[in-house]
Each structure stands twice: as structure tokens, then as C-alpha cells.
Amino acid sequence: MADKLISKIPDGPLAEKWTKRKSELRLVNPNNRRKLEIIVVGTGLGGASAAASLGELGYNVKVFCISDSPRRAHSIAAQGGINAAKNYQNDNDAVYRLFYDTIKGGDYRSREANVYRLAEVSAAIIDQCVAQGVPFAREYGGYLANRSFGGVQVSRTFYARGQTGQQLLLGAYAALNRQVAAGTVTSYPRHEMLDLVIVNGQAKGIIARNLVTGKLERFGAHAVVIATGGYGNTYFLSTNAMNSNGSAAWQCYKKGAYFANPCFAQIHPTCIPVHGEQQCKLTLMSESLRNDGRIWVPKKMEDVMKLRKKEIKPSQIPEEDRDYYLERRYPAFGNLVPRDVASRAAKERCDAGYGVNETGLAVFLDFSDAIKRLGHQRVQERYGNLFDMYFKINNVSPWEEPMMIYPAIHYTMGGIWVDYDLQTTIPGLYAIGEANFSDHGGNRLGASALMQGLADGYFVLPVTIADYLSNKFAEPKTDINDPAFDEAEKAVQARIDKLFSIKGKKTVDSLHKKLGNIMWEYVGMARSEEGLKKAIEEIKELKKEFYEDVCVPGDQYQFNQELEKALRLEDFFEIGELMARDALNRNESCGGHFRIESQTEEGEAKRDDANYMYVAAWEYKGEDKEPELHKEPLKYEFIEVKTRNYKE
Amino acid sequence: MDFNLKIWRQKNAHEKGHFETYHISGIEEDASFLEMLDILNEQLIREGNDPVAVERGCQSSGPVSFDHDCREGICGACSLYIDGRAHGPDDHVTTCQLFMRHFKDGATITVEPFRSPAFPIIKDLVVDRSAFDKILQAGGFISVRTGAAQDGNAILIPHEDAEKSMDAAACVGCGACVATCKNGSAMLFVAARVSSLALLPQGRPEAARRAKNMVAKMEELGFGGCTNTRACEMECPKGISIDHIARLNREFLKAKFRD
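The listed protein sequences correspond, in order, to chains Z and R. Position 131 of the first sequence, counted from 1, bears residue number 131 in our numbering, the numbering being contiguous throughout. Converting from the second sequence to our numbering requires adding 1000 to each position, the first position being numbered 1.
Rather than coming from a laboratory, the hints here were simulated on the basis of the structure. Certain hints may be false.
To be verified - Label pairs and their computed distance ranges (CB to CB):
1. Pro1089/R to Lys22/Z: 53 to 63 Å
2. Asp497/Z to Lys1016/R: 27 to 37 Å
3. Glu1015/R to His376/Z: 53 to 63 Å
4. Asp1151/R to Asp497/Z: 50 to 60 Å
All values derive from a computational prediction rather than experimental measurement. Just so you know, even glycine gets a beta-carbon here, dropped at the ideal spot from N, CA and C.
Chain Z extracted, bound-state conformation:
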């Protein structure tokens, strides 16, 4: 069914595509919007902004989240900033340049038209957020301030201290609250979507578990929007929140939505290193720190040994004995190379034995030069809260000694396949934000996730979904007693019953940890054919172990966090397997996906445009059957495809 992959990209010049598409899209008149119901699952930047904007337009919106309040979605934790092509700095930024940087940063594995649209609406996002009262950083004259992020040579990142995601989400959440008060949006916190309901080939509702009562509930609508983020927690240890999961997206996949580029996972270079066996969560230190921080390891092995034995402090190592390896290898971008490049370079130094902590898996991020150059006050303003956070966790002050950092799983570029309208291969089912695959290719640039979530939610989806809904207002409301709902609910109930019936001895977390180890080892920063095949086998084994020996205590009809985790882990096993399968298929190195078989003599990633310049969209074929690969070729009509070069 390869014909399902119709991207609906409009013809014509790049800069006119979005305008053209908007002019073609059908509308729904305000009186008819009232008759239409839309389900939005997830309340991060994408979900909250979409639900609020759809509510404002007059649709009846039901919005779901697993936390106790929409405000706690994981977008809240984004630190550094949000990009926009405002050119307020007069540094020759433009929509085209933001588009170009994003395509190049994604290693030429994203769609030109989607990325251009993202850049095009970026400026309006900042305006919208300012109007909502987001307290972005301001210059003394009252104008908006900017900083720089990895992979670019301009300053286009807007920020609110190290809490930009929080402030943007509170803006979207406020807009959502306004609509809840107005009665257009109904909010369902502590509800988890466990299945998608399809009636006559169209997405018509969901089955959700009320996490307080444990009851399964049915919700019908004319369209369903998935905004549930990424699947980074497949790795167990990641910078994602503990409850972030891939399950809603995965249920859509199992109901027929294609899943695209699952192997594209971003490994963020600046995270706090793993400290021990008892850890369950990795903490990110914002990429903005690389604006002023310098990354290094010692040049001499003897210094490394002394550091590990705590015989010397890093600040005692003289300048000439430090290897600022990013500045050495990539002089043009230095410490601000994209995330995938910085992560691999850290791994390279640590693999060579220069890791600076006891585990050998850490490098330094040093602010001593910045403090000398800018003074305490300005460094405090820029990074004060990040320094505090680092100190609280590690008991070491970045004012005195460099931070220790190491790469960790942070974001997933892959996700549900969508067309230019953000519609999946299932009619009436849309996916936005990190949950879709569309804008970041093989690697996402810093400060672009917030941009994409809000672009989709405020400006793209509310316009495109009208086209689908334009002939639906005459249809009756979805009947939640339809046999399709019975069937979906029965299937979910069977899943839950099965989990309780196992009565094994192993905890959910202990098995999730094992999955994480397999993923990090074989589907992490360096992947090989042999390793990936091994991963697929080991995940299958582990899944067997899970179904034979997992213990889910308590019962369904209560607040039961172990049951929640068990249901999510079932899906993580399958997601992990598909990630490995996709990584195995893609025998090239590109963006965050590094196949050791495909590298240059210098150890840089080697792309294979002749064979892999496509989106890999996977179709579910049933339990224990191999999924089918469909290819959407990527055409670059407006930019020249080059080898990424951050050296000159």
C-alpha cells in the first residue's frame, strides 16, 4: 500500500508552498464548528497550543493528559530556548537561513517543504508568546534578547532564563485554561489513552484508562490528534520525564498508522553522567551552556588517572595540557557543533581512555574563561539556575570547577508518519510535535523542538484539520456504543487481565532497565549490523521473560503506577525492536544514526544519498510478523545536498 504515502506537498516555489496550500484548504463555518468534536491527546507545547487554538475557533475539544495537570507535560523541562527567524540581531538571519540550517542540521533527511514552513511561521510564534505574557529575556532597552545554539552561526534563540520550555508551556496552558473556562475545551487529566478507535477506516475516538478509578472510558470525536511526544524512554535512562512514553503513538501504529524513521534518536551531549546503579533518570544541562562553556579532556593520560583518583582538581590542569577537542576538530563551529557531532566526539575521547570520572564516561564543560571574560554577574544572569541545578545534584560548584557531562538520550526525531497537513495514514488521525517525524530529519537542532511543537499546534494543525472536517459536520456525533468501541475496549481489557495473570517475580523497572541496557549498547551512539541483529534477538528474549515472570501488584480498579508502567513497557519492547530493525535497514550514517560500517577514514559519519535518501515508513503487519517497509523518497529541489561540514 505504498500509495498511502502521499505527502501532499504543494507545487511551486518553496516560499509560496504554505500560502498555496492554505488557499486550497477547505474551511468550516463558525456555526458548524460547534457541531464538531476533536480529541487531543497530550498537553505539551503541541497538544496544549492545538487544543487552545481549536477551542478558540469554536470546535468542541477534549484534551487528555496522564499527569494531574496539563501544565506538567515534559515540554516544561526544556531549558535553553526557541528559535525564530526574526533577524533582530542584524546578523543576516532570514527564514531561508533557518530553513537551511535545519535541513543541514538534520543531515538532509527531512522534507524541504515542511522545514521551510516551520521557519516561515517561527516569527509569529514569538509574537504569540509575547502577547500571552511569556517573560522572555529583554535587553536594557526593552527589546527581546537572543542567544546562539549549536549548528548555526547566528543568534536567533529567544529564551526565558534556563526555563524557556516552562514559560512557553505556561503560555499555552493559560490559553488552554481560557478555553476550558469558555467551555470549548474539556480537560481530562490523569487519563491515559490505551487504544485508538477506528470506525469505517476513520479515526473516531479513543479508549482511555482513568488513572484514578482504573476504569476504561470511551471517548468519541470527528478527529483525533496525537501530541504525546517521543519514545526516548525506550532506553530507560534518558532525559525524558519518568512518565513520558511512546504508547499512544504505538497504538496508532498498531491500528495502521505508519511509523517513520524510528531509528533517529537524538543523543544530547551535555547531560549529567550516570552516577550509579540506582539511577533512573538522567538530567540534561542546557545546550545554551555551550555558548560560553568550553568542552575538554586532559591531553595527558597521567592527568586522567589523577582525576579519577581525585588526586588533582580539574582546575589545576594547566591550559596547555587541555584538549579542547571540539575546537580542535571543528574550528568553524567549535563548541557549538550540532548535538550528534558533539556526542560522538565525546564518545571518541572516552573510548580512547580520556574520560574524566571514575567510570571513564565523562568530559568537562568549563566556564572559567567565560567568568573571566563576562564577569560573575552576567554569567549568573545567563546560567545561574543551571549552575544551581548542577550544584544541587553533584555537590560541585561550576563557579569553581568545570561541570562533568556525558551524552544521553534526549529526543526522538522519528515518529508517526504524517503528510504536509500533519495527517497520518489513517484518515482523521493527526500527529503533531515530537510525536510526528516530519521536520528534524536525522538530527534536531537545539531550540527547534519548542518551535516545532508550537508551529504545529498554533499555526499548522488548526488550519489543516478544517480541510478534513469540512464535510463532517452533517455527520452524527460518534456513537461510543459502536462495535468498534466494544472491540477496542475488550482488547485493552484483555491486555490488562493478561498482565495481572502473570504473577511473576520480576519488577517492571528491573525489566525496563534490561531493555535500556540492550538499547544503549546496540542501538545507541554506534550501531553495527551484528549488534542490531543481536538487539532484535535479545529484545525478543526479554519480552518472553516479561510475559513469563513480570509482577504487577494490586488490581486494575485503583491508582496503580506499576500497571501504568507495565502497559508502557509492553510497547517499549516493540518500539525498541522496530528501532533496531530500522537502524539495521539504514546502512548509512546520518544525523544521530551512526553505523560503524559507514564512516570516513577520520571517523566522521558517511551518508549514503544514493541508497538512503528516503523516509523509512513502517507498516504494522500483526503480532510476530515482520513489519513492511515503505519508502517516501526525499527530493531536494531548492537546496544543494552537501556533506555536512562544521570544520570550515
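Following the hints, complete the assembly by docking chain R onto the known chain Z.
Chain R alone, transformed into the frame defined by chain Z:
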């Protein structure tokens, strides 16, 4: 490190709760408080599986439920009252940023939920804070439609005002202020939102109305009044100052004056 944990257990909103005591050992001092609870839960699940342990009376209520998510101090989900303090003995942290090095080896640690009539218990240490959402729905926003905004630089905001607004906007909505206040007041929470928006030109048109409506909603939902004990400010994980309550009061009085 070893600890005795005295933890509040409550099956649901309707049944009575009680304390249960557990012993835990082998905790790294760099482990966070919530990681320690994760380890306890692993232990409780395993013991629940072990007939000998159950016979010994090791556990009866299964793993302990507690709210948590980002584990980096920003989502505001975690909400534990530890040894008589919201978010425990360290200053200006959420529970997830509390580390075991702040406790003495061998100590007995008491863990309770955030208690307030406005925050009913759902299970064990998990409470229902949806009252906070309702307060914000009563006016914690600027009425702007998507797409209606002018250029961001057309509204000039002095650096100091943006910073002050940000200080208030840092509220994570955890409810420590309510749990700490002897009156169970949500004034600091309300003030943080009102003040953050009132300090910005965009927020001025609705400032008075916002203050009035949010305070009215707060009172309606069963939160107490403010008697300036400053306990909230002491325990706020984000160090939000009660100066913002003064600003809320100014806006509130303005609104009343207009009525």
C-alpha cells in the same frame, strides 16, 4: 546508608490512612530521595512475592504511590512532606532534587502527602491538586487569540520588569505553599501568576479583574486566607517572594475600588 521510613499509606480518598514503617539499606548518598523510594518500591514488590516475607508481616499495602515526573525540579509533580517540611529538609528544592546526603545515616524519616482540605488524597502520597487548575481557569491568562499578536518587539519591556515577572513566573504549581501554610492558603500561588502578568504591559488590561476572579475562586475552593506568616516563601522550592502577594493585594484593592 540505612534508613527507617515512616510512610503514610492510604488506599483511596474514602478510607482512613495510617503510617507504616519500612527499613531500607544500601542507599548511595548521591541517590535522590525519589530514587530511594523507587528502591523501596522494588523491595516492597519483591517482598509481596515472597510468602516467607509476607508471613513475617513485611508488607501489606504494596508499593508506595507518589507523584513524580521530570525529576529535575521543574514539572512540579512531586509533593512529599518529609520530616515536617514540604519537599524535605533542603532549602529551595523540589522533592526530586533532594539527595540522601542531607540525611543522617540510620535516621528515621517521616513521609506524608501535602495536606490541605483543598487537596484530597487519591492514594498514599498522591493528592488531587486540580483546584490549582481551576484557579488559573478563573483568570490566570491574557485574553489573546492565536494569530492576533503584534511584533514581539513592539511591546518594550524594561529588563528589570521582565526579570521580576520571570521571578514570579518560575512557580511550578507544586502546592508546597498550601501544604506549609497554617491556614492552607494558596495566596503565594495566586500571587505568582497575578504578579507575573501584572508586571508586563500585555497583562495590564485585565490585571484587576484577574486578581479579583482568581482570589474569589481560591476562596470558593476551600483554601484559607493569608495572615502573612511568610511560611510559604520559606518553603517555596523556587524561592518566590511574598512581595508578589503585596502586588496581588494592590491589584485586588484596585478591583474592589472600581466595583
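Verification of the hints:
1. Pro1089/R to Lys22/Z: 53 to 63 Å: Hint holds: Cβ distance 56 Å, inside 53 to 63 Å.
2. Asp497/Z to Lys1016/R: 27 to 37 Å: With Cβ atoms ~30 Å apart, the hint holds.
3. Glu1015/R to His376/Z: 53 to 63 Å: holds, 54 Å
4. Asp1151/R to Asp497/Z: 50 to 60 Å: The hinted range 50 to 60 Å holds for Asp1151/R and Asp497/Z, with Cβ atoms some 57 Å apart.
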